[in-house]
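Position chain Z against the provided structure of chain S, taking the given hints into account.
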Amino acid sequence: DVKVTQSSRYLVKRTGEKVFLECVQDMDHENMFWYRQDPGLGLRLIYFSYDVKMKEKGDIPEGYSVSREKKERFSLILESASTNQTSMYLCASTPGQQFGQYFGPGTRLTVT
Amino acid sequence: QKEVEQNSGPLSVPEGAIASLNCTYSDRGSQSFFWYRQYSGKSPELIMFIYSNGDKEDGRFTAQLNKASQYVSLLIRDSQPSDSATYLCAATNAGNMLTFGGGTRLMVKP
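For the record, the sequence lines run as chains S and Z.
Counting from 1, one number per residue, gives the positions in the first sequence under the working numbering.
Counting from 1, one number per residue, gives the positions in the second sequence under the working numbering.
Among the clues, some could well be false.
Computed Cβ-Cβ distance ranges for the label pairs, DEER-style [said to hold, decoys possible]:
1. Z:Y39 - S:E56: 13 to 21 Å
2. Z:P14 - S:D38: 28 to 36 Å
3. S:E69 - Z:G95: 25 to 33 Å
4. S:K70 - Z:D55: 39 to 47 Å
5. Z:Y51 - S:G40: 28 to 36 Å
6. S:F99 - Z:P110: 34 to 42 Å
7. S:G96 - Z:E45: 14 to 22 Å
Derived from the structure by calculation, the hints contain no laboratory data.
All residues carry an ideal CB built from backbone N, CA and C; glycine is no exception.
This is chain S alone, in the form it adopts within the complex:
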């Protein structure tokens, strides 16, 4: 079974804090993704990576950055958290898009 884990299920941070969300997959997948999901807005792609040290912007990259130093690990960074970044953050991985994406359990982030 594909296993994608995320560092926290729930996180509460203050405005202006630097926030790290970590995602690890154990299936040697090359492709990893970060989404946020908000009611009425669906899944929105923030960043993705096709290889180590490689990153591509998704549809809503503003206010976020990512890091992929190892194949199994893809981190999402909020440089200075704001209240409009309160959301469910979902990490996903896949060996290839034709196989679909496998999601981690998600991190519900609240920024106060």
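Below, chain Z without anything else, positioned relative to chain S:
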């Protein structure tokens, strides 16, 4: 903008009935299609994929694809209250990225 469209619902069906969930896509280059189930507060779970025109069955689930009409559906036979969830349709596009629909909320009433 390449899109995947779903009726947001809720779609309400009685227990034991067939639930029919529909999805249309705009990119004729789409090759692979997926159905995800998402329970409230949880992450999406891949339950079905289909690549070829026609039907694909897996237990109580049947995925149907009609590329000419750009239409994908998911049938759930003998619906159970535990099937109550939001179902997301997704399609790969010509750039080999996955595009998700907004999801249909299914409610199965005992």
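Do the hints match the structure? See the list:
1. Z:Y39 - S:E56: 13 to 21 Å: Given a distance of about 30 Å, which is not inside 13 to 21 Å, the answer is violated.
2. Z:P14 - S:D38: 28 to 36 Å: For P14 (chain Z) and D38 (chain S) the Cβ distance comes to about 31 Å; the hint holds.
3. S:E69 - Z:G95: 25 to 33 Å: holds (26 Å)
4. S:K70 - Z:D55: 39 to 47 Å: The hint (39 to 47 Å, Cβ to Cβ) holds, given that K70 (chain S) and D55 (chain Z) are roughly 41 Å apart.
5. Z:Y51 - S:G40: 28 to 36 Å: holds (31 Å)
6. S:F99 - Z:P110: 34 to 42 Å: The hint (34 to 42 Å, Cβ to Cβ) holds, given that F99 (chain S) and P110 (chain Z) are roughly 36 Å apart.
7. S:G96 - Z:E45: 14 to 22 Å: Hint holds: Cβ distance 19 Å, inside 14 to 22 Å.
In summary, the structure is inconsistent with hint 1 from the numbered list given earlier, while agreeing with all the others.
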